[in-house]
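**Student:** In case you want the letters, here they are:
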Amino acid sequence: MRLGNGPASIGELAEPFDMALPSFMRHIQFLQDSGWINTRKEGRVRICTLEKQQFAIVEDWLSEQRALWNARTDRLEQFVTSKQNKDNSR
Amino acid sequence: MSNSFDPALDLKINRIIKAPRSAIWNAWTDPASLEQWWVPAPAKCKVVQLDVRPGGSFVTEISEGGGPFAAHLNACFLAADELERIVFTNALVGGWRPAEQPFMTAIITMRDHPAGTEYQAHAMHKNPADRNMHEELGFYDGWGMVTEQLALIAERRTQ
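Residue numbers (this note's numbering), protein chains in the order written: chain A, 1 to 90; chain B, 1001 to 1159.
No lab work stands behind these hints: they were computed from the structure.
This one's a predicted model, so the numbers in the text were calculated from it and none came from an experiment.
In silico DSSO-like links for lysine-lysine, alpha-carbon gap of 30 Å or less: (1) 1018(B) to 86(A); (2) 1046(B) to 83(A); (3) 1018(B) to 83(A); (4) 1018(B) to 1046(B); (5) 86(A) to 1044(B); (6) 41(A) to 1044(B); (7) 1018(B) to 1044(B); (8) 1126(B) to 1046(B); (9) 1046(B) to 86(A); (10) 1126(B) to 1044(B); (11) 83(A) to 1044(B); (12) 1012(B) to 1126(B); (13) 83(A) to 1012(B); (14) 1044(B) to 1012(B); (15) 1012(B) to 1046(B).
Only chain A is shown next, with the shape it has when bound in the complex (with noise of 0.2 Å):
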């Protein structure tokens, strides 16, 4: 879940899974083996990546663009009214 947000490391990711270490980079490896995500090394941490291309192929489009509105008008109404208490306490 984690990912959707931007890079990780391998012990971000696996922090709150249940699973040990080797178990939980097995399913990485296997993610990794399938497309769904790309891991480059930094120093002594492994750096996990969605392949973006990957789910585009999957993903349904429009409850894709549904969601993003959704999220857009709740960003909107959130900001307006709280703006209109600000103003409305000063």
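Assemble chain B onto chain A, guided by the hints.
**Tutor:** Leaving out everything else, chain B in the frame of chain A:
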């Protein structure tokens, strides 16, 4: 003018927002305000052009993960009826010049409502026959949705 709705290509978001139309209009038309809500945090938005009148440019950039600002939206306003309606499309760029990758037209409408404003966003899309065009939409806020699929795949693998 009535706008047809094609369920295969369109989406509508309806929302009652507890703020007057003027607050919503300003949030859309003031660059500093738009920057604060246009893209999801922690990404940052830069409004490059926001010329809210028919033919005016609507250009925004996005910076993700502290990286440099990159193309986000390059569009053209088609209508701007103060406090009522904003229409823009990325089928054109500023000055009505045809765009390379037309994908959507959005109609934002605001009506008075006892609780504030009846807000609607109606987005109409071109059928993206080529799924790889995703990268080229120029209208893409990062990708929260895809994480669900990653979780699904990971779960399937665990079973």
